[in-house]
Amino acid sequence: MNITMVHEAFGQINKDIILPDALETANGLFIQRGFSVSRSYEDALQHFYSTHLTEVDFRNALIEVNSWVQQRTRGKISVLLDKNLSHSTKMMMVNAAYFRSRWKWEFDPRATEPNGYFYLTPRRRVQVPIMSGKMNVAIGHDFSVGASILELPFTPTRVSMFLVLPDNPELHFHFNVTSMKLLIGSMKKRDVNVRLPRFSLDQIPQMTDLLWKLGIQDIFSPTEADLGGIAKGLFVTDVMQRAVLKVDEEGSIASAATVTLVERIGNVDDHYFEANRPFIFMVMDKKTGAVLFMGRMANF
1 MNITMVHEAF
11 GQINKDIILP
21 DALETANGLF
31 IQRGFSVSRS
41 YEDALQHFYS
51 THLTEVDFRN
61 ALIEVNSWVQ
71 QRTRGKISVL
81 LDKNLSHSTK
91 MMMVNAAYFR
101 SRWKWEFDPR
111 ATEPNGYFYL
121 TPRRRVQVPI
131 MSGKMNVAIG
141 HDFSVGASIL
151 ELPFTPTRVS
161 MFLVLPDNPE
171 LHFHFNVTSM
181 KLLIGSMKKR
191 DVNVRLPRFS
201 LDQIPQMTDL
211 LWKLGIQDIF
221 SPTEADLGGI
231 AKGLFVTDVM
241 QRAVLKVDEE
251 GSIASAATVT
261 LVERIGNVDD
271 HYFEANRPFI
281 FMVMDKKTGA
291 VLFMGRMANF
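Here UniProt numbering is used: position 270 in the sequence shown is 270, and no number is missing along the way.
No wet-lab data here; the hints were simulated from the structure. Note that the structure is predicted; figures quoted are calculated from it, not measured. Where hints are given, some of them may not hold.
Simulated DEER-style distance windows between Cβ atoms [what the hints assert, rightly or not]:
#1 291 <-> 228: 25 to 33 Å
#2 206 <-> 87: 23 to 31 Å
#3 250 <-> 47: 32 to 40 Å
#4 11 <-> 67: 41 to 49 Å
#5 75 <-> 223: 40 to 48 Å
#6 67 <-> 110: 20 to 28 Å
Straight-line distance between alpha carbons at most 27 Å, and here's what the computed DSS-like set of lysine-lysine pairs gives [as the list claims (entries may be wrong)]:
#7 286 <-> 188
#8 90 <-> 189
#9 15 <-> 246
#10 181 <-> 213
For each residue, glycine too, the CB sits at the ideal point set by N, CA and C.
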């Protein structure tokens with residue numbers, strides 16, 4: 001596979017995941033005024049990713065970059081950078097995504113328990129609003145994985161939120177592509193009583209550390225980085241991301257920018273799913289298989 005085929009594949013994915021009135025993405029490339037990138041790189045950005053270069057002075061680019069992000073996330077993320085960058089910064093690549101959709105089966109707000117319990121551990125709990133509803137959705141369980149899975153479809157139905165609930169909250173849960181495939185393979189449509197906390201997240205993960213642990217290291221080294229296809233002498237100094245997610249009775253709002261009374265831990269069966277302890281969530285486009293947003297809800 002040559003580089004053109006790679007660009008074409010990623011460019012097509014970018015186009016396929018766009019959902020009018022539900023999901024929007026945008027890519028921006030800011031470069032230091034007076035700095036130049038290779039013509040082939042600029043052409044690839046425009047042709048495959050609909051991305052254009054914007055010249056800035058990074059010593060005074062704070063307002064411009066944050067305004068770009070705010071506009072592309074419809075105001076959900078207003079601050080990505082909290083300070084201006086140094087003049088030695090030559091380029092900044094920014095990706096923004098905004099997702100807003102309603103549940104196919106909405107939760108009735110009148111059924112929401114305002115002071116339900118979420119168990120941080122089997123012995124520690126906090127009070128949070130718990131949404132409740134009975135709906136015909138896909139649910140599954142795999143003993144080898146040690147977890148249950150629930151699909152809550154949005155409108156449009158090609159996008160769903162998948163909730164993964166480990167059986168034993170005290171065990172370290174290993175979640176990977178194989179375990180996800182096993183869980184999805186176990187799913188069947190059922191009439192399910194669902195209890196899910198109303199939650200929201202606003203996080204700034206340490207992306208550079210995460211990428212380093214994944215083995216992506218050379219690009220951060222001035223001597224080992226090979227970004228000559230963009231310009232000579234470049235290396236990555238930092239990767240920044242801010243993600244915002246809100247889940248309520250109506251549905252979900254998510255943005256990302258890179259640069260019944262129960263007081264127990266309930267067992268889950270095919271007809272009952274209670275996310276009253278740490279769980280993993282994923283917003284997935286089932287047409288492309290792209291995971292749009294993913295996280296772990298472990299605290300409030």
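Outcome of the hint check:
| no. | hint | in the structure |
| --- | --- | --- |
| 1 | 291 <-> 228: 25 to 33 Å | holds, 31 Å |
| 2 | 206 <-> 87: 23 to 31 Å | holds, 25 Å |
| 3 | 250 <-> 47: 32 to 40 Å | holds, 38 Å |
| 4 | 11 <-> 67: 41 to 49 Å | violated, 26 Å |
| 5 | 75 <-> 223: 40 to 48 Å | holds, 42 Å |
| 6 | 67 <-> 110: 20 to 28 Å | violated, 40 Å |
| 7 | 286 <-> 188 | holds, 16 Å |
| 8 | 90 <-> 189 | violated, 52 Å |
| 9 | 15 <-> 246 | holds, 25 Å |
| 10 | 181 <-> 213 | holds, 24 Å |
Hint violations for this structure: numbers 4, 6 and 8, all remaining hints satisfied.
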